Structure formats: C-alpha cells, structure tokens
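A.B. asks: The residues making up each chain are set out below.
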Amino acid sequence: MKSLLKLIPYLKRYKKTLAFGVLTVILSNLFYILMPHYIGKVMDEIVLSAKNKIVDKTIFINYAMLIVGFAVAGGYMTYLTRQTIIVVSRKIEFDLRNDFLEHIQKLPMSFFQHTSTGDLMARATNDIASVRNVLGPGIMYPVDTLLTLIFALGIMLTKDWSLTLYSLIPLPLVSIAVFRIGKSIHKKYTQRQEQFSQLTTAAQENFSGIRIIKAFAREKFEIGQFKNLSLKYMNKNLELAKIQSLMWPLMFLLVGISLLIVIYFGGLKVIRGEITIGTLSALISYLLMLIWPMIAIGWVTNILQQGAASMQRLINNFETIPEIRDTEKTDKSIKSISGKIEFKNVSFTHLNAVKPSLKNINLQISEGVTVAIIGPTGSGKSTLVNLIPRLFDSSEGEILINGKNIKEIPLEILRKNIGYVTQETFLFSETIKENINYGLDFLDIELIKEAAEISQISKDMADFPQDYETLIGERGITLSGGQKQRTSIARAILRKPKILILDDALSSVDTETEEAILVRLKILMRERTSLIISHRVSTVKDADIIIVLKDGEIFERGTHKELILQNGYYTDLYNKQLLEKELESL
Amino acid sequence: MQQDEILGKAYDSALMKRLIKYLAPYKMQVAFGILLSVVVSLLEAVRPYFTKIAVDENIKNGDAEGLLKTTLLFFAVMMIRGVVQFFNAYLTQWVGQKAIFDLRMKIFEHLQKLSIRFYDTNPIGRLITRVTNDVEVLNEMFSSGIVMVFSDIFLIIGIIWFMVSMSWQLTLVSLSVLPFLFYGTFLFRRKVRDTYREVRLQIAKINTFMQEHISGMIIDQIFVREKKSFEQFKEHNANHRDANIRTIFYYALFYPAVDLIGAVSIGLIIWYSGANIFGGAVTVGTLMAFIQFNEMFWRPIRDLSEKYNIMQSAMASSERIFTLLDNETFINETENPHKPSKTLGEIEFRNVWFGYTENNFVLKNVSFKISAGKTVAIVGHTGAGKTTIINLLLRFYEIQKGEILIDGINIKDISQEDLRKYFSLVSQEVFLFSGTIASNITLGNKNISNEKVIESAKYIGIDNFIEQLPKKYNEEVKERGATLSVGQKQLISFTRALAFDPKILILDEATSSVDTKTEQLIQHAIEKLLSHRTSIVIAHRLSTIRKADSIIVMHKGEVRENGTHQELLKQNGIYSKLYQLQFKEQEAV
Chain E
1 MKSLLKLIPY LKRYKKTLAF GVLTVILSNL FYILMPHYIG KVMDEIVLSA
51 KNKIVDKTIF INYAMLIVGF AVAGGYMTYL TRQTIIVVSR KIEFDLRNDF
101 LEHIQKLPMS FFQHTSTGDL MARATNDIAS VRNVLGPGIM YPVDTLLTLI
151 FALGIMLTKD WSLTLYSLIP LPLVSIAVFR IGKSIHKKYT QRQEQFSQLT
201 TAAQENFSGI RIIKAFAREK FEIGQFKNLS LKYMNKNLEL AKIQSLMWPL
251 MFLLVGISLL IVIYFGGLKV IRGEITIGTL SALISYLLML IWPMIAIGWV
301 TNILQQGAAS MQRLINNFET IPEIRDTEKT DKSIKSISGK IEFKNVSFTH
351 LNAVKPSLKN INLQISEGVT VAIIGPTGSG KSTLVNLIPR LFDSSEGEIL
401 INGKNIKEIP LEILRKNIGY VTQETFLFSE TIKENINYGL DFLDIELIKE
451 AAEISQISKD MADFPQDYET LIGERGITLS GGQKQRTSIA RAILRKPKIL
501 ILDDALSSVD TETEEAILVR LKILMRERTS LIISHRVSTV KDADIIIVLK
551 DGEIFERGTH KELILQNGYY TDLYNKQLLE KELESL
Chain D
1 MQQDEILGKA YDSALMKRLI KYLAPYKMQV AFGILLSVVV SLLEAVRPYF
51 TKIAVDENIK NGDAEGLLKT TLLFFAVMMI RGVVQFFNAY LTQWVGQKAI
101 FDLRMKIFEH LQKLSIRFYD TNPIGRLITR VTNDVEVLNE MFSSGIVMVF
151 SDIFLIIGII WFMVSMSWQL TLVSLSVLPF LFYGTFLFRR KVRDTYREVR
201 LQIAKINTFM QEHISGMIID QIFVREKKSF EQFKEHNANH RDANIRTIFY
251 YALFYPAVDL IGAVSIGLII WYSGANIFGG AVTVGTLMAF IQFNEMFWRP
301 IRDLSEKYNI MQSAMASSER IFTLLDNETF INETENPHKP SKTLGEIEFR
351 NVWFGYTENN FVLKNVSFKI SAGKTVAIVG HTGAGKTTII NLLLRFYEIQ
401 KGEILIDGIN IKDISQEDLR KYFSLVSQEV FLFSGTIASN ITLGNKNISN
451 EKVIESAKYI GIDNFIEQLP KKYNEEVKER GATLSVGQKQ LISFTRALAF
501 DPKILILDEA TSSVDTKTEQ LIQHAIEKLL SHRTSIVIAH RLSTIRKADS
551 IIVMHKGEVR ENGTHQELLK QNGIYSKLYQ LQFKEQEAV
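As given, the protein sequences belong to chains E and D, one line each in that order. This note's numbering numbers the first residue of the first sequence as 1 and each following residue consecutively. This note's numbering numbers the first residue of the second sequence as 1 and each following residue consecutively.
Quick caveat, the hints were computed from the structure, so don't treat them as lab data. None of the values given here were measured: they were computed from a predicted structure. Backbone N, C-alpha and C fix where the C-beta goes; we use that ideal spot for every residue, glycine too. Mixed in with the good hints there might be a few duds.
Stated by the list, open to error - Selected chain D positions facing chain E (Cβ under 7 Å, derived; list incomplete):
id : residue
1  : Thr-121
2  : Ile-124
3  : Val-131
4  : Val-192
5  : Met-210
6  : Gly-216
7  : Glu-226
8  : Phe-230
9  : His-236
10 : Ile-248
11 : Ile-277
12 : Val-284
13 : Arg-420
14 : Phe-431
15 : Lys-577
Claimed, not checked - With a straight-line cut-off of 20 Å between C-alpha atoms, the simulated EDC-like cross-links for lysine to aspartate or glutamate are:
id : chain 1 : residue 1 : chain 2 : residue 2
16 : E       : Lys-269   : D       : Glu-57
17 : D       : Lys-113   : D       : Glu-335
18 : E       : Lys-242   : D       : Glu-136
19 : D       : Lys-386   : D       : Glu-348
20 : D       : Lys-227   : E       : Asp-326
21 : D       : Lys-205   : E       : Glu-434
Stated by the list, open to error - Between beta-carbon pairs, the in silico distance windows are:
id : chain 1 : residue 1 : chain 2 : residue 2 : range
22 : E       : Ala-353   : D       : Ile-20    : 49 to 59 Å
23 : D       : Lys-227   : E       : Tyr-574   : 22 to 32 Å
24 : D       : Leu-344   : E       : Gln-198   : 40 to 50 Å
25 : E       : Val-354   : D       : Asn-410   : 49 to 59 Å
26 : D       : Thr-516   : E       : Thr-330   : 42 to 52 Å
27 : E       : Gln-198   : D       : Thr-516   : 32 to 42 Å
Using the sequences and the hints given, assemble the complete structure.
C.D. replies: Listed below in structure tokens is the structure:
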C-alpha cells in the first residue's frame with residue numbers, strides 16, 4: 001500500500017479540483033440523505049389526514065416537489081463529482097503514461113535487452129489502468145461510502161437510537177462475511193489463475209511443438225492432456241463459483257434480517273405509539289441505503305490492493321537509473337566532433353555474461369578512413385561499434401574522439417554526428433520520406449532524394465504507389481530486406497555524419513547494387529570516418545584497414561592484399577566465398 | 001493484433017444460433033435454471049408486499065401477534081429465496097463452465113487437426129488467445145449474461161404484477177416516467193457506444209505506437225529523436241484521455257438522470273397519494289411498497305449498458321472463434337486407408353515437385369530410392385531443399401506432382417497416424433515439453449515401458465547423467481528444457497527417437513557447437529541410432545556422411561549427385577565443393 005503514496009505529487013497538481021470534487025460528494029450525500037426523511041413525513045401526513053379527514057393537497061405537492069428538488073440538486077452534485085474526480089483520474093493517467101515513456105526513453109540498450117517489450121507494454125497499459133482505478137473509483141467510492149454511513153447512521157440514531165442499534169446487530173456479520181468470503185474468494189481466485197496459466201502454457205507448448213507432436217502422431221495424447229488441464233481449470237472455476245454464489249444470498253439474508261428487526265420492533269413501537277409510521281418508513285429506507293456501502297468496502301479494498309501492486313511495478317521502472325547520460329563530467333562547450341577515433345585498451349563484458357565480449361582493443365582511426373570489421377558470429381563486431389555512440393559504455397579502457405573521452409562529449413552532440421545503420425534494420429510505420437528524415441528538425445526533399453540516390457533506394461521509388469510519400473509497415477507496403485537496408489542507409493547519411501557505421505548493412509543487397517552504394521559512399525565519406533561490418537569479402541576489400549575480430553580480440557589487421565597473404569582467417573574466408581560463387585553458378 | 005481490436009454489434013443472430021448449440025447438451029439444466037430464476041425474481045418482488053401487509057394490516061390495526069406472524073413468514077420467504085438464489089447462481093455457472101469446456105476442447109481438437117501450413121501463417125499468440133481469452137469472454141456471457149437477462153425480465157414482470165395487484169392507478173402513475181427512462185437509456189447507450197469505440201481506437205493507437213517505439217527505442221536514441229517521439233506519443237495519449245473524458249461526461253449525466261427519473265416517479269406517487277387519500281386507493285403500506293418497488297425497478301434497466309458491453313465483446317470473440325473453427329486447412333485422409341501389413345521401411349520419391357506457394361517450386365522433379373535398412377545422407381547448400389524432403393515424407397504438406405512411396409505404397413493411401421508411426425524425427429532444434437525427462441522421452445506413449453526408456457537412455461549414453469539428477473527419470477523439465485544444456489537436450493531427443501523404435505529414422509543434425517566430450521557422445525549415439533533401420537539424415541557431420549550408405553546431393557531443389565563419399569569426391573562436382581566449404585574443417589579435429 002505504501003507504493004500508492006508516490007501518487008501524492010500527481011494528486012497535488014489537481015488539488016483544487018479534487019477538493020471541489022470531495023465537496024460535491026459531501027453535498028450530494030446531504031441531498032440524497034434528506035429524501036427518506038421527507039418521504040417519512042409524507043407517510044405521517046397521510047395517517048394524519050386520514051384521521052382528521054381533512055387533506056391539504058398543497059402539502060403533498062410541496063413534499064413531492066421538495067423530493068424532486070433534492071434529486072435535482074443531489075444529481076447535479078453527483079454529475080460534478082464524476083466530472084471532477086473521475087476526470088482528474090484520467091488526467092493523472094495521462095501524466096503517468098507520459099512520464100513512463102519519457103523515463104524509459106532515457107534507459108540504455110542493456111535495459112531493453114533484458115526487458116521484453118510485452119512487459120513494458122503491460123506496465124504502460126494494464127498497470128497504469130489499475131492505478132487509474134485507485135485514483136478514480138478508489139477515491140470516489142470510499143468517500144461516498146463513508147459519508148453515507150455517517151449521515152444515514154446519524155439520522156437513524158436521532159430518530160430512534162435503540163431501534164437503530166437493534167437493526168445494526170447483523171451488520172458486523174455482513175462485514176465479517178464480506179471479509180471471510182472475500183479472503184476465500186481471493187484464495188480460490190489465485191488457484192484458478194494458476195490453473196489458467198498452466199492451461200495457457202500447455203496451449204503455447206502444444207502450438208510451438210506441433211511439428212514434433214504430428215511427427216510422433218501424439219495428437220490424441222495431447223488432446224487428453226489438454227482435456228485434463230481444462231477439466232481441472234473448470235473445477236477450480238466451479239469451486240470459485242460456489243463461494244461467489246454463496247456471497248449474494250448471504251448478504252441479502254443478513255441485510256434482510258436487519259430489515260425484519262426494524263419492521264417487527266419498529267412496528268411494535270408504532271402500535272404502542274412511541275414512533276410514527278413515517279419514522280419507521282424512514283428507518284427502513286436508511287437501512288436499505290446502508291447495504292451498498294457494506295458491500296463496497298470489500299470491493300474498494302480489492303481495487304486498492306491491485307492498484308498498489310501495479311504502482312509498485314511502475315515504481316520499479318521509474319527507479320531504474322539511466323546509466324548512460326550526461327553527467328557533471330560532460331563538457332558542455334563541445335558543439336561538434338570530428339571523425340578521429342581512438343580505442344585505448346577497451347574491454348567490455350555484457351551484463352550477467354561470464355566471458356568478456358571485447359578484450360583489450362587498441363585501434364586508431366584517422367579522419368577520412370574506412371575501417372572494415374570482419375569475423376565470425378559472436379566475435380564482438382557489433383559490440384565494438386555500439387560503444388562509439390555509447391549504446392553501451394566500455395567496462396575498461398577508454399574511447400577518444402578527437403582526443404576527448406566520449407563520456408565528456410554531450411550525448412546529443414555525439415549521437416547527432418554519428419550515422420548508424422544497425423544490423424537489424426528498423427523502420428517506423430511512417431512514409432519513406434519521414435523514415436529517411438528521421439531525427440532531423442528540418443525537411444528538405446532535395447537532400448532526401450540525394451541521400452536516397454547514394455543508398456540506391458531512389459531507383460525503387462517508381463515501384464512504390466506514392467514514391468517518397470508511400471507509407472510503410474503494417475498499414476502500408478512491406479519492403480524487402482534489401483529495400484529496408486537501403487532506406488536505413490539513406491537515413492544514416494542524410495544527417496551528414498562525421499562517423500558512419502554500417503553493421504552488416506548490405507547483407508540483403510545484391511553485389512551489383514552494393515558496388516554502386518560503396519562507390520558513392522566513398523565520395524561522400526571522403527573527409528569522414530566509416531566503419532563497415534560485413535561477412536562478405538566483396539564489401540570490405542576496398543577498405544583502408546580491415547580488422548579481423550575473433551573471440552573479442554583483434555586477430556588480424558591490414559589491407560586486403562596484406563591479409564590475403566597472411567593465410568589466416570581472412571584468406572580462408574576469401575577462398576570459401578570464391579567457392580560459393582562457383583557453387584552458385586553450377 | 002489489429003484483428004483483435006475490432007468490436008462489432010452486440011447481437012448477431014447467426015452467431016448466437018451457433019453459440020446456443022453449445023448449451024443444447026445441458027438443456028434440462030438450463031430450463032431448471034430459468035425456472036429457479038423465476039422463483040427468485042418472484043420472491044424478491046414479494047418483499048415490498050410484505051412491508052405493505054405489515055403496515056396496513058398489522059400495525060395499523062394494532063395487531064402485534066399478526067405482525068410477528070408476518071415477520072416470521074417474511075423470514076421464511078427470505079430463507080427460501082436465499083437458498084434458491086444460491087442454487088440458481090451455482091447452476092448457471094455450472095452450465096456456463098460445461099459449455100465453455102466443450103467449446104474449448106472443440107477448438108483445441110480442431111487445432112490439432114489443422115496442418116502445418118496453417119501454423120506457418122498463424123502466429124501462436126493469436127491461437128493461444130482463441131483457446132484462452134476469447135473462450136473466457138464467452139463464459140462471462142453464458143453465465144452472467146443470458147440467465148441474468150431472464151431473471152431481470154421476470155423481476156420486472158413480478159414487480160409489475162404486485163404493483164397492479166395493490167393499485168393499478170398508482171402503478172400507472174409510477175410507471176408514467178418509463179418512456180423517459182427508455183429514451184434516456186437509448187440515447188446514453190448510443191452515445192457511449194460511439195465514445196467507447198473511440199476509446200478502444202485510441203488505446204489501439206497507443207499500443208501500436210508503444211510497441212513500435214519500444215522495439216525501436218535504440219533507433220530513437222541513435223538518431224536523437226526521443227523528444228519528437230515523445231511529442232507524438234503525448235498526442236495519442238491526450239486523444240485517449242479526451243475520449244475517456246467524453247465517456248465520463250455521458251456516465252456523469254446518465255446515473256444522476258436515472259436517479260432523477262426515479263425521484264420524479266416518487267414525487268408523482270406522493271402527489272397522487274395526496275389527491276386520493278379518501279378514495280382508499282393509497283394506504284401508507286402501499287406507498288412504502290411502491291417506493292421500494294421503485295428502487296428495484298431501476299436497477300435492471302441501469303445495468304443494461306453493462307450487459308451491452310459483455311454482449312459486444314462476446315460477439316466479437318465468438319466471431320473470431322468460429323472463423324477459426326471454419327478454417328479447414330487439413331491434410332485430407334484417404335477414404336479407404338491402406339493398412340500396411342509388413343513394414344520394411346523402403347522409401348521412394350518419384351518425380352516429386354513441390355513449392356510452399358503455387359508455382360514457386362522448392363523441389364523440382366526429385367527422385368530417389370532408399371532400400372530398407374540403409375542410411376542415406378542428404379547434403380546441400382542452404383536453401384537446397386533438404387528440410388523440405390523431410391516435411392514431405394512426414395506429409396506435413398501435400399506435393400504438387402509425383403509420388404512418395406513407403407514400402408511401395410503411396411503415402412496418401414495410408415492414414416496419417418499409420419504413416420507417422422513409421423518414423424521417429426529428430427529435428428535440429430530440440431523441442432522439449434514441460435513435464436519430466438521420462439515424459440519427454442515417451443511423449444505420453446503408453447506402449448513405451450519404463451524399462452524401454454531406461455534401456456534406450458543407456459544405449460544412447462545419457463543414462464549416467466539422468467541417474468545423477470535428484471529425481472532421476474522423474475526430474476522435472478522446465479519450459480523448453482531451460483535447465484538442460486544443448487548437448488543434453490539433443491541426447492534426450494535421440495533417446496526419444498530410439499524409444500519409439502521406428503522403422504525409419506529421420507535425423508536433422510544440429511550444427512550447434514558443443515564441447516568435445518559431448519560431441520563424441522553425440523557421434524557415438526548417432527551411430528547407434530542409425531544402425532538396423534532405414535535412416536535419412538540431413539547431415540552436418542563428416543563422420544555421419546562417411547558412414548552413410550549413400551549421399552544425395554541437393555542443389556537448387558534438384559538431386560544433382562548420388563553416391564558414396566569417395567565416389568562423389570572423385571567426381572569433383574558439387575559435393576567436392578560442399579565438402580571443402582562445410583566439412584573439410586572437421587577433418588582436422
């Protein structure tokens with residue numbers, strides 16, 4: 001429950017509206033609470049009129065209008081309550097969700113590697129929704145309930161305190177019953193949920209393993225297994241249903257007993273002339289008004305518990321510290337960077353990993369140079385280039401750009417000057433134009449076309465329904481792997497980066513187009529630095545330096561010609577690719 | 001996801017007809033349930049009537065004894081009502097649960113029949129939703145929706161009956177506001193439906209945006225686009241908030257309005273009472289009863305909007321479920337299946353043509369024959385069609401042209417179950433189910449005895465490892481075998497294949513790297529697995545290829561070379577190149 005305290009700052013923003021909302025709850029209760037009292041007066045008036053044989057019709061009309069008047073006033077207040085408290089809850093939901101996204105935007109790559117998208121989505125939707133429930137109904141109903149309880153009991157006691165106390169005898173039983181049954185329901189519900197998740201897991205496994213199941217002709221057995229779990233789940237549901245079915249009848253019975261007490265003892269009092277029939281009627285009405293609050297207590301507790309658990313999950317997220325960010329060490333005077341990069345004894349170990357991914361990397365790259373990185377899967381190629389835009393920070397050693405440790409360069413300046421094409425291309429469900437222009441504040445279609453020409457995506461535009469305005473993704477067209485890569489390259493070079501990183505960015509592009517792109521890049525990047533990761537010799541052969549990474553270490557380095565002669569990994573790769581080419585032609 | 005967002009109408013008679021069929025086996029219980037709810041409703045409606053008797057007949061006449069009698073009678077009625085209500089509620093749930101169970105099993109059984117082609121194109125997450133959440137939504141409709149509608153209708157009828165029996169004039173007066181209530185509810189429902197749809201739409205937009213921008217968060221960071229993305233998100237979020245606030249407005253209006261209409265009705269009753277005291281039409285007790293009826297009357301009508309939501313979701317879910325049940329991507333069984341009498345294990349592909357999509361052939365005119373008891377290795381470059389051969393042999397897909405024969409019988413003439421009993425499949429990626437080690441070996445096949453399991457494990461050489469586990473063969477296997485190493489998982493899948501003792505073994509060798517000791521164990525196990533039976537292996541190990549009786553070289557969907565290792569090397573064709581590319585390195589080890 002403590003976690004809910006964290007909501008106070010959010011509530012404070014709307015404190016005036018909320019205070020007004022609470023006031024309207026009080027007022028609406030006052031109006032509604034007066035209605036039974038006046039209905040009671042009407043009863044007395046009827047008895048009186050019957051006895052005296054005179055009727056003053058205006059009195060009845062006045063009472064009728066008074067009651068309708070109370071309903072109008074009370075109703076208006078209820079309307080205002082919803083328009084304040086519930087509306088505020090939606091506003092806080094909005095604030096919370098914004099804060100959530102803003103916070104996770106700052107978190108580093110390692111966070112996203114260890115947290116599933118589904119999990120984060122669940123927090124942003126379900127958890128925030130259940131916190132919202134606390135803020136809306138969770139505030140409105142307890143206040144309402146409490147006030148009804150106080151007002152109704154207050155009036156009942158002034159009307160006839162002894163009768164009120166008699167009638168209240170079963171009410172503690174109601175609360176105890178709600179509590180006991182609630183606990184039992186909670187227990188059964190948890191069991192049911194466990195059984196449900198077993199059922200889900202079984203379905204998940206079955207569908208994922210359908211090939212094995214079919215191959216071994218195990219369908220009938222699997223149906224039997226699933227039937228067992230379904231039966232168990234059904235039985236848990238029925239156990240739950242039994243208790244739930246018990247709940248309402250028991251409630252009504254207990255409340256009904258209260259009602260009987262009032263009718264019988266109250267009736268005796270009326271017979272003895274101690275109270276009027278109107279008072280009895282009012283007492284009955286007030287008693288009926290108390291039913292709902294008694295039940296609501298259990299319900300609200302549930303909302304609060306769920307909300308608290310959800311809030312705790314949100315807090316856990318908010319408390320994840322963005323490790324990679326500008327600190328006091330950051331030199332704010334740096335406004336641009338050059339392409340001169342130096343790795344000094346850089347080592348890196350992934351979170352929870354046993355072995356380091358990079359060991360003692362030393363590398364100097366001058367401006368205007370093209371560096372190619374090659375090596376087997378898992379040798380640390382991507383990790384190496386990820387360190388430059390600080391997607392990770394190195395565990396040991398330092399990386400310098402233009403002689404400055406990259407941790408001292410403002411993160412925004414550093415990243416704005418890097419054009420990065422990631423291994424897995426990721427485009428957004430926007431137009432091609434917007435995707436190429438991604439992250440830039442201005443939009444110049446000529447520049448976009450120029451970048452598209454260099455990356456050779458321009459020649460595909462004729463095939464797209466609305467060329468640069470074509471929407472891609474789920475609601476638009478689907479691009480091929482090569483088209484995605486070429487769009488990503490255009491996106492990376494449009495910003496005229498000082499450092500260009502291509503992480504296996506030409507793998508789905510045919511060799512001819514690859515050649516065309518590389519030639520154009522060479523001109524563009526003449527005074528800038530390029531780092532190209534590839535598996536293909538054809539991509540890397542013209543680079544100024546080629547580095548072979550193996551198990552996180554630099555294994556070979558040199559130009560294409562030098563490496564061919566070394567008869568090592570590079571030579572082997574070169575020969576194999578020649579063979580593959582031959583095989584392709586067979 | 002998109003498909004799951006659509007919400008349609010709240011009632012569709014065609015869907016409803018199909019749904020009701022699932023209640024047919026329980027029609028006696030349903031009828032009894034309806035009967036019970038009539039009783040409950042009538043006993044509920046009798047409550048204000050007792051108040052009237054107590055006031056008008058007992059209290060008014062000073063009859064204390066009569067009052068006690070009335071009170072006790074009232075108590076008895078309440079007790080009966082409580083008991084009946086309990087049984088009714090439970091029975092309703094029982095029927096709903098039974099029907100849901102049947103439906104869930106029907107969906108699951110249907111899914112087991114659907115072919116691999118269906119699974120290729122349908123995301124697993126969506127299928128899971130069908131057997132879990134969608135069915136769950138229907139449960140809500142069956143158990144709270146349908147029967148509640150009946151009990152609400154009877155409650156209303158009961159109330160009106162009692163009201164009329166007390167005073168038909170007052171009944172007319174008190175119900176004169178009904179048209180306003182109906183019109184108000186109608187208006188509210190229409191408005192709320194529109195705003196509700198808007199809320200759903202905005203939620204879907206938020207979800208899509210978040211999904212995309214969380215997956216692409218690194219791109220946002222690299223391109224320093226966080227601020228703009230945030231602004232975009234804020235806009236979606238604000239639209240969602242505003243749509244909700246619009247919904248709140250209608251709710252804020254509706255609830256007090258219903259209360260107000262109720263109050264007007266009470267006001268009218270009072271006015272009428274004042275005007276008709278001497279006509280004897282209105283007594284204090286009648287008035288009290290009518291005020292109580294008034295409250296009872298509004299509840300079912302007020303709840304209508306909630307039931308509308310339940311029905312709407314139920315219709316959407318049932319539409320998705322029935323779409324799945326109507327999908328008939330089956331591999332059709334032959335009418336008169338050939339019961340194989342003697343099983344030898346001879347395989348023949350005769351001019352087989354196959355493509356996963358029409359006219360895009362992955363296998364072109366493939367023919368080969370494997371004699372019973374022989375081991376054949378299939379090699380080829382990526383995309384040559386190796387795995388496809390296995391998929392076709394198991395009849396996961398239907399071929400377009402040609403024939404596949406086992407022991408001289410076309411596989412289409414054998415039932416799928418009989419066909420697959422010929423084989424054990426060891427796939428590249430080992431799939432373990434949650435359960436025990438033993439259950440992963442037998443896959444629940446009762447014909448495989450414990451002795452057979454242990455014998456197989458010993459033969460494969462994983463027995464030592466299993467014996468060291470705390471619960472041995474009954475050691476729990478977590479989802480996907482998370483606690484086991486890659487090598488151990490492979491050996492378990494070998495044991496599984498061996499325990500089934502198939503005529504034909506299909507092995508898709510895994511390429512994953514394991515330590516030398518495990519590698520030796522695996523090589524040793526494969527050797528044992530392949531002996532004494534027809535085996536077809538997609539080979540990645542030089543040791544396996546060398547021992548094969550013959551090697552089929554696949555290239556671009558065709559069988560290009562066929563022979564032993566030595567013969568093929570001499571040919572200096574595709575195999576010799578593949579050898580240098582894929583297997584030569586293993587020579588050194």
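A.B. asks: All the hints need checking, so say for each whether the structure fits it.
C.D. replies: Hint check results:
1. Thr-121: Violated. Min distance 13 Å.
2. Ile-124: This interface hint holds because 5 Å falls under the 7 Å limit.
3. Val-131: Because about 5 Å separates Val-131(D) from the closest Cβ in chain E, which is inside the 7 Å limit, the hint holds.
4. Val-192: violated (13 Å)
5. Met-210: holds (6 Å)
6. Gly-216: Holds - the Cβ of Gly-216(D) comes within 7 Å of chain E, reaching about 5 Å at its closest.
7. Glu-226: Nearest chain E Cβ about 4 Å off; hint holds.
8. Phe-230: holds (6 Å)
9. His-236: Constraint on His-236(D) not satisfied, violated at 10 Å.
10. Ile-248: holds (5 Å)
11. Ile-277: With Cβ-Cβ at 5 Å, under 7 Å, it holds.
12. Val-284: holds (5 Å)
13. Arg-420: holds (4 Å)
14. Phe-431: OK, holds: Phe-431(D) within 7 Å of chain E, min 5 Å.
15. Lys-577: holds (5 Å)
16. Lys-269(E) / Glu-57(D): holds (15 Å)
17. Lys-113(D) / Glu-335(D): Roughly 17 Å separates the two Cα atoms, so the pair holds.
18. Lys-242(E) / Glu-136(D): holds (18 Å)
19. Lys-386(D) / Glu-348(D): holds (15 Å)
20. Lys-227(D) / Asp-326(E): holds (16 Å)
21. Lys-205(D) / Glu-434(E): Cα-Cα ~19 Å, so holds.
22. Ala-353(E) / Ile-20(D): 49 to 59 Å: Given range 49 to 59 Å: holds, Cβ gap about 58 Å.
23. Lys-227(D) / Tyr-574(E): 22 to 32 Å: Between Lys-227(D) and Tyr-574(E), where Cβ atoms are some 46 Å apart, the hint is violated.
24. Leu-344(D) / Gln-198(E): 40 to 50 Å: Once the Cβ atoms are compared, 43 Å apart, the range 40 to 50 Å for Gln-198(E) and Leu-344(D) holds.
25. Val-354(E) / Asn-410(D): 49 to 59 Å: holds (54 Å)
26. Thr-516(D) / Thr-330(E): 42 to 52 Å: holds (50 Å)
27. Gln-198(E) / Thr-516(D): 32 to 42 Å: holds (40 Å)
Hints 1, 4, 9 and 23, counting from the list given before, are not met by this structure.
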